[in-house]
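*Asks:* Line order of the protein sequences matches chains A, B and C. Under our numbering, the first residue of the first sequence is numbered 3, with each subsequent residue one higher. Under our numbering, the first residue of the second sequence is numbered 25, with each subsequent residue one higher. Under our numbering, the first residue of the third sequence is numbered 53, with each subsequent residue one higher.
Hint data in this document are derived by calculation from the structure and do not stem from the laboratory. Certain hints may be false.
Said to hold, decoys possible - The calculated label-pair distances, taken between Cβ atoms and stated as ranges, are:
no.	chain 1	residue 1	chain 2	residue 2	range
1	C	268	B	230	26 to 36 Å
2	B	261	A	424	58 to 68 Å
3	C	165	A	187	29 to 39 Å
In this text the structure is predicted, and so the values were computed from the model without any measurement. All C-beta atoms, glycine included, are put in the ideal place defined by N, C-alpha and C.
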Amino acid sequence: MRRNIMRDAMNKFMKKFIRFKNIIFLFAMLFILSAVLSGCGKGDGAGDERSEYVYVSEYVEMDMECDYISGLTSSGDDVFLSVSEWDEETGFNTNYLYRYNMNENKAVRLSLEMPENSSISGMAPGTDGSLIMIVNCNTFEMDEEGNVADSKSTIEIWNVSMEDGTLLGSEDVTGLVAGKSDYAYIQHFCVDGQGNLYLSDGDNCIHIIDKEFKKVCDIDAGDWINNMASSKEGDVYMTSYGSEGLQLQKVDLTGKKIGDAVAGIPGGYGNQSYYTGVSSSLLHSNSDGVSRVDVGTGTVEKLFDWLDVDINSDYVNYVGELSDGRLWAITRNYEISGSATSELVFFTRKPSSEVPAKEEILYGTMWIGSDVKRNIIDFNKKNQTYRIKVKEYGNDDYQTGLAQFNADLTTGNCPDIIGLDSLDYSLYANKGVFEDLYPYMEKSGMDRKDFLGNVLEAYEVNGKLYGIIPYFQISTCMAKTSLVGERSGWTLTEMLDFVDEHEAENVFDYGSRSTIFYYCIYNNIDEFINWETGECSFDGEGFIRTLEFAAQFPEEYDYSGERDEGISSKLRSEKILLMQSSISSVQEFQMMNGLFGEKISFVGYPNNEKQGNLIQPAGGSMALSAKSKNKDGAWEFMQTMLSKEYQDSLVSDHGGWGFPVRRESLEKQFEQDMKAEYSEDESGKKVEQPKTTWGWDDFEMEIYAATPEEVEAVMELITSANKIGGNVDEQLTNIITEEAEPFFKGQKSAADVAQIIQNRIQIYVNENR
Amino acid sequence: MHFHMNRKQRKKKAGSSPRTRRGKLVSAGYLLPSAIGVLLFFVLPFMIVIYYSVVDNPISGQFVFLDNFIMVFNNSAFKQAAVNTLTFSAVSVPLAVVLSLFLAMMLESKMPFKSQFRTFFLSPMMVPIASVVLIWQVLFHYNGMMNEIIGLFGADKVDWLNSSYAQVVIVVLFLWKNLGYNMILFMAALSSIPKDIIEVAVLESAKSYQIFWHIKLRYMSSTILFVTIMSLINSFKVFREIYLLKGEYPYPTMYMLQHFMNNTFGRLDYQKMSAAAIMMAVVMVIIIGILFLTENHFGKDVEG
Amino acid sequence: MKPGSDKNSGSQGAALELWHKQVLRKKKIKNARTLVRICLATMAAACFAVLFLMPIVLTITNSFMSASEISANYGQVFATTDSGGKMYISEKVNLKFIPDMVSFGQYITVLLKSPEYLLKFWNSVILVVPIVVFQLLVAAGAAFGFTRYRGRVKEMIFFIYIILMLMPYQVTLVPNYLVSQWLHVLDTNWAIWLPGIFSPFAVYLLTKYMRRIPVSMMEAAQIDGAGEWQIFRKICMPLCKGAMCSIAILIFIDYWNMVEQPLILLSDAEKHPLSVFLSKINAGEIGLAFAVATIYMVPPILVFLYGEDYLVEGITYQGGIKG
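Just need the whole structure built from these sequences, with the hints factored in.
*Replies:* Given below as structure tokens:
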């Protein structure tokens, strides 16, 4: 070996060459390093920068009343809508067909008359320039008493003029589309490029009929057909749910089968639809946004996120594309008060330089609630300076999302506003994640006395307000006053003694072990942990007694059995003693009193202070990040939720979904609740009429105006609550659930499992002190 | 021994020639890519860890100097974890070294299917974690097979994973996973001890334990250090199995420093995690330093 | 300093021959005792082997059970509560080696029906192979750097390498997240590759091997006019080939089993490797887990069988020319 090298080395030429190689090697190493370092930069460039083009939305009030759109199809820039309208005169719903010119925003009601008891199952533009409709006609034969003796259902295909809606021809195809079941019903309808008609029925069968109404074939899809859509190329696709969520498959007419799932399309679950595209095969819309799908290449081009164009995806009904490249959507917007309006929205692609840039504010949360979503969209529509962007962390998996959120918090990517739902609030509050909101309230001219003190204090640490709750419910537990006495709380021992004294079938309706755990332990876990001294008392009498108590209950409540008695009747006859629920309105309070049939006490969850009612945010709660670079902008959004307008908008005449935190608004709600409604009876006398009807299980009651006493009792309940509910760390519940089981299975004693639980939780407590 | 030899070598070449200087530069160049990478992905992160250890929390970042170290040092969970980790390493690492050496010696002796056995012993390295967790659960759970077996001998049921036996279980798990690889290292070292020296010893009527003690062990001192360090690394990795067996907060006897770090990380207490990590690093520097010194000492003997 | 054993043997050749004969005579007497010892050792080894092999055998045989049989068997071991907590195993569970009925159902589902597993498998390959290749490359250079011209500074750096290598991943994971973010590689494979490629682990191992190459060998080459590259290429690399292979096996197995890094550094679950899936198996997935696990074991076993000789050779060398 040595000689070998010597020979090589002696060669002068080689020597030079080798030195050269030496340099090459070094360069190669450096190249790897630099490639490695620079190459990565490309990875996420697109996400950071503002993309070159953006879609800008334009909202248009629709030129027609459309309470319920039963069908919609588009042909070029005309959209055909079948709308069912309530006819005051006849007292029936009547179907009308409209042609809606998108370019001019003009609706024309077409002359097509729909026979009685008929409905439109599907519409699509035919290849011959007419509109093809699938009409389901029902004829009923009445017997002498006026009852339905026999009904017949036929399915007809109508050719309708797109111009004026005259019926050009019709064909009864009931026989051609007869499925497995007797009752023919068409779910979805499409027309392909050759003019063949595809009708899918409720038995997952696609019936294909040609232009001359001759049967081509039947294709059994196997899976439940979620929807069908025809592509720009004239192919028909169906969607169904596979292992990866929604999948898109071509209906293969030549092979008379359903093709393989198209690769590369979004998939997933949740609400999503495909529509015929103009510049691509299909348009895809889901809860995130709208994409163009090119089936041939399997490419998906995301056009926009719904939130970026200020649309609440929950409200989107239809999406389409116009010949000039604009997109449109028809939305149905529901207000908190319950009313709804339809809106037409156009989306135009513009260079981002032409669009005035707004300062972006990031709203980060595990899951976004519908109320917050609505508020963000409203804010974005109105505000000229700021725009809220949403980042949902918990989309895939809670633990992963949480880790990401934590990482973002520490790396300065922190969201400006943090949605507190399903986050451990106190953990973050103690680390200075949140900004004190009191100074901001002052700056906006809000007096903290205008808001319920106890609700503000629930998110207060050392006199600093770290979160806001726009409106809330009270999570509580109720019992007959005749049983528990006048009280607004109890200790665990008192509660257990009470249950021991009163022999009942169950403590709660559907009471199971986990119900007991949640009631006795999880909702007041701090009773067992002394954070000051670091001592835990899971091996103490209270916990062991709870274990023994819980052992009397079934592990899982057996819901399969026949339910012979409702909750109200059980409570009244004292077969069950307690009921856990949240109270979100005076009306709900009235109903609960009725449910028990006598005076009730709100004992809440057991704890040593005997203050066991919990505040539960009803429409989300949020905090301002201390690291935010745009706190004023973030606050501008947050304050809207404490504003008089918003708080007053929560006041509802049917009780509401929660109590507004603003005192004045809450009082307005109370006034509303106490206002009696009258009507005149036959003799013309003014009689109080029920405001609404509330029901729970076997119980139903008409709600009249609340008495001042009732309102006072509700106010008392509201002010008694001083803690936020539902914040127990899953680590603890997991340990308890796992280790308590051998006791329930009779394999270990209660004291033994309590000791193990104590040991494991002690570690948790020590670590976090 | 390396240091020793090196010193001699350097003396010889005192007053280094331009050629040597260039060589030094070039050899440093070979080190460069790795050094830059390590700087970026290991040293820089460690600096960040040091930063975290002296601030009150990662979000507000107020300088608190040594408060975290004092707090963590006084934290009873940390103490528990440190004691557990030390005990575990102190028990399992020597055991892993001794047992794998024993296995290696066993396979060294004339025996059939040597290479097959060698492969078998190495196989635990490849088993996916799901299978490992399944088997360990089934074996050591309260209603598991182990209790059934000891039940046959009339013993009472033991809650292996929820008692002080838990340490035993993880030591066994650790040994099972790591013996094979250590054994291979030892086998290689054993086979490379010059045969003549042993034969001379045999002829001089040395007892086999003497041969083992004075010759084999001496010759393998470097391998023993190597195996010890590898075992130490792997002893930290046993956390993953414990974690999958019992989650974030196991029975206190199984609660390791990695649990402490993992959990404080999850709860955004980076300052605690970092302080603990730095203390651990200091202890490790000391332990490894001692190991190196010991090896040097033995190494010289062999060379002498 | 002990010279290489090959040189040593020549000087004592004559005496050895005599001793050899005596040894042989002694051995004959001991033969019977040795036989018993071999038998005992074999039996002990066999016992160990059974214990060590059990998991692999179990995994493979169980992969031929139907998903329902698996669930019935081990369902409760992997059962979780709604909040992801563990469930207590309240009934006896036995390891079952032989399927009631051999079924390929698991494989059919994994290989044909649900492409996500193969996708994850591919992710594993994509993540691990570059790490192994480039870590070795970078480490070879670094080890050479550490071997040549050793000085106080280099020894210090090497010691730092060892300490960094011993750091548990929890410590550097968050800072790594920060660094990845700073380099704009978060959520890309680079976030896994980069720390992997520059891991000090292979540097440590390879340096250990390379330093055992006698300095005299390199010095001789140097005197003969060989440059650093030539020494690296013609002396160090060939002599460390076995070591490189054995290190490659180690790195491969280590990264093939990684769980925590992808979880933190890759938020997109679609990029996660199969090992992440196998570490999060729950009751719902246990029915397929064994087939997935078996497929998952194929690359390590192949790598292992292919490199096993190198593994021993690589390590054998270490003692062979011990410096």
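*Asks:* For every hint, state whether the structure bears it out.
*Replies:* Hints versus structure:
1. Checked against the hint of 26 to 36 Å, the pair residue 268 (chain C) and residue 230 (chain B) passes, with Cβ atoms roughly 31 Å apart.
2. Distance hint check: the CB atoms of residue 261 (chain B) and residue 424 (chain A) are about 32 Å apart, inconsistent with the given range 58 to 68 Å.
3. In this structure the supplied range 29 to 39 Å holds for residue 165 (chain C) paired with residue 187 (chain A), their Cβ-Cβ distance being about 31 Å.
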